[in-house]
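J.: Given the sequences, and given the hints that come with them, work out the whole structure.
Quick note, the sequences are listed as chains A and B, same order. Per numbering that gives the first Met the number 0, the first sequence runs over residues 0 to 287. Per numbering that gives the first Met the number 0, the second sequence runs over residues 0 to 281.
You can trust all of the hints, since none of them are fake.
Using C-beta positions, here's what the derived DEER-type ranges look like:
#1 B:Lys40 with A:Arg52: 48 to 54 Å
#2 B:Tyr4 with A:Ile285: 25 to 31 Å
#3 B:Gly107 with A:Thr39: 38 to 44 Å
#4 B:Leu3 with A:Thr236: 42 to 48 Å
#5 A:Leu142 with B:Ala238: 25 to 31 Å
#6 A:Phe152 with B:Val20: 19 to 25 Å
#7 B:Ile262 with A:Phe65: 37 to 43 Å
#8 B:Ser145 with A:Ile28: 23 to 29 Å
Covered stretches of chain B (in silico footprint by chain A; criterion: 3 or more residues with CB under 8 Å from a CB of chain A, positions within the stretch not fixed):
#9 38-47
#10 214-225
Quick partial rundown of chain A residues pointing at chain B, CB under 7 Å, derived from the structure:
#11 Phe8
#12 Leu9
#13 Thr27
#14 Arg100
#15 Leu104
#16 Thr109
#17 Ile113
#18 Pro128
#19 Asp131
#20 Ile217
Everything labelled a hint here was simulated from the structure, so no lab data went into it. For every residue, glycine included, the Cβ atom is placed at its ideal position computed from N, Cα and C.
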Amino acid sequence: MNFKHKFVFLFPGLFVLIGILIFPIIFTIRLSLSGWNSYTPEMNFIGITNYIRLFTDDPRFWESFFRLSFLSVTTVILQYVIGFALALMVWREIKFKRFFRVIFLIPMMTTPVIMTVIWRTFFHESLGPVNDLLGNIGVKPILWLSDPVIAKFTVIIVEVWQWTPFMFLLLLAGLLSLPKEPFLAAAIDGASPYRKFVYVTFPLMAPISIGAIIIRLIEASKIMDTVFVLTSGGPGTATETSSFYIYIKGLREFQMGYAATLSFTYLVIMIISLTIIAKVLTKLMIKE
Amino acid sequence: MEKLYTFLKYTFITLWTVFIVAPFLWAVSTSFKDFQSVNSKVTYIPWLDFEPTLEGWRVLVKSPARGGVDIVEPYFNSIFVTCTASLVSIVLGTLAAYALSRFTFKAGFVRNNDITFFFISQRIMPPIVLSIPFFIFLSTIGLLDSLLGLVVVYIVLLMPIAVWIMVDFFNRVPKELDETALIDGCNPYQAFYKVVLPNSIPGLIVAGMFCIIFGWIDFFFAFILTFTEVQLLPVKVVALNSSITPWWSLSASALISVAPLIIVAFVVERYLSKGNLSGALK
Chain A
0 MNFKHKFVFL
10 FPGLFVLIGI
20 LIFPIIFTIR
30 LSLSGWNSYT
40 PEMNFIGITN
50 YIRLFTDDPR
60 FWESFFRLSF
70 LSVTTVILQY
80 VIGFALALMV
90 WREIKFKRFF
100 RVIFLIPMMT
110 TPVIMTVIWR
120 TFFHESLGPV
130 NDLLGNIGVK
140 PILWLSDPVI
150 AKFTVIIVEV
160 WQWTPFMFLL
170 LLAGLLSLPK
180 EPFLAAAIDG
190 ASPYRKFVYV
200 TFPLMAPISI
210 GAIIIRLIEA
220 SKIMDTVFVL
230 TSGGPGTATE
240 TSSFYIYIKG
250 LREFQMGYAA
260 TLSFTYLVIM
270 IISLTIIAKV
280 LTKLMIKE
Chain B
0 MEKLYTFLKY
10 TFITLWTVFI
20 VAPFLWAVST
30 SFKDFQSVNS
40 KVTYIPWLDF
50 EPTLEGWRVL
60 VKSPARGGVD
70 IVEPYFNSIF
80 VTCTASLVSI
90 VLGTLAAYAL
100 SRFTFKAGFV
110 RNNDITFFFI
120 SQRIMPPIVL
130 SIPFFIFLST
140 IGLLDSLLGL
150 VVVYIVLLMP
160 IAVWIMVDFF
170 NRVPKELDET
180 ALIDGCNPYQ
190 AFYKVVLPNS
200 IPGLIVAGMF
210 CIIFGWIDFF
220 FAFILTFTEV
230 QLLPVKVVAL
240 NSSITPWWSL
250 SASALISVAP
260 LIIVAFVVER
270 YLSKGNLSGA
280 LK
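T.: Listed below in structure tokens is the structure:
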């Protein structure tokens, strides 16, 4: 086959993407070496001063990073467990199968910020239905949004609601594409449902699970919309994630240079840690 | 044992369904309330708990000058940006995915997989990292606060999704298909256009739906890169959330904003049940 054709197919997409991205990336790196802020809005050169500040004098960034890790790992584990359970339940014949499948998919079709606005009224501490209903059975009002510990769990609840469907979709699509033979063999051997899951379904699903978890981790690491509307990082900094902290530094305090340093460092950390997680998961779930 | 399992299964499914539906029911109920029924005590059922009004919905179509919230224009803006960006992403992404699935690329240490990874890895980029440079980039070329500027940015968000789904999909379309077409005298473009593409409709639909979902639900770029000239739907709805919140019009506009994509859930389910999706999504 003539080899020139392949470039005609690849290059439009590749170059459009590179063309759009090249400026932002180079610009971010350059900006991170400057002291651009609201007093001196110019591209001066201050070397690695910003990076020294980040690594020696900014515990808030690292706290927000660990908080983000906690939030995203917890939500993704919950989403995986619940999503897998749901997928298994509607995989085979059950009553109203298609109805439940549609219902389980709906949250991922809704705009996170907009639903979070609704969640905010839902969890409202004096006018929301949750505390009211709990009050009817004698539970004291829970401070869903203003208690530093509980607010984290409120964010997790909303994230799980929003994105379990995505996990469910990927896993159900995977389940439906599995070959039939191993299940027949297991049935002939008279394997119990539990053993069937552990020795047949789960190993067969391992590659799909890894893919789904990685995709969700990537998306979960960007938690921003939910936090932005639900708690604005509050109370205090209790739900502040890395993205939100960078947003505050860059677009509220206009320390553009420093925000670029944060962005770039954060991106490098994300790429390294996601690669490691992918490798570890592959090792753990696919046993030779 | 079997019975217990069935019982637990249906309990879990029911509880989860209630959890999913709860915020929607609450929003529907709230959208018919007025100041009194929101702020005195928590109310649920119209007529029984409170006297429903249509005020929350009526406000949506009033002009801002008469105290309304004009969401019609943001609605069309959102549709335009989402559809245009999805279309461009699908076209470019499908071409690139076809190339990556059928031909071998070699440049230094870069192989096909690395190029595919480059496309997909753009999803790792948190919006905040891109938003500041994009802000300056767009204001330099005069596209800040414009629909076109948003489309450009959304292409970066959506093309990775199109490539991710389509590479996987093309890998499952047998190579013999294009080879036969080439032997029959098609050139590579005709083979792609006349033979491969018609056989890839399920993949294209899935990729299209995912692009539309992720375009429609984006908030952050629209929030940073537009101000007054152009407003997208999520930004408009969240803006209602500020100051003194009128929960009723907030709920009404939220419901009307999430409604169109719920249809997508039905389409996805159909493809899932017909077994077409399992090939397109893995």
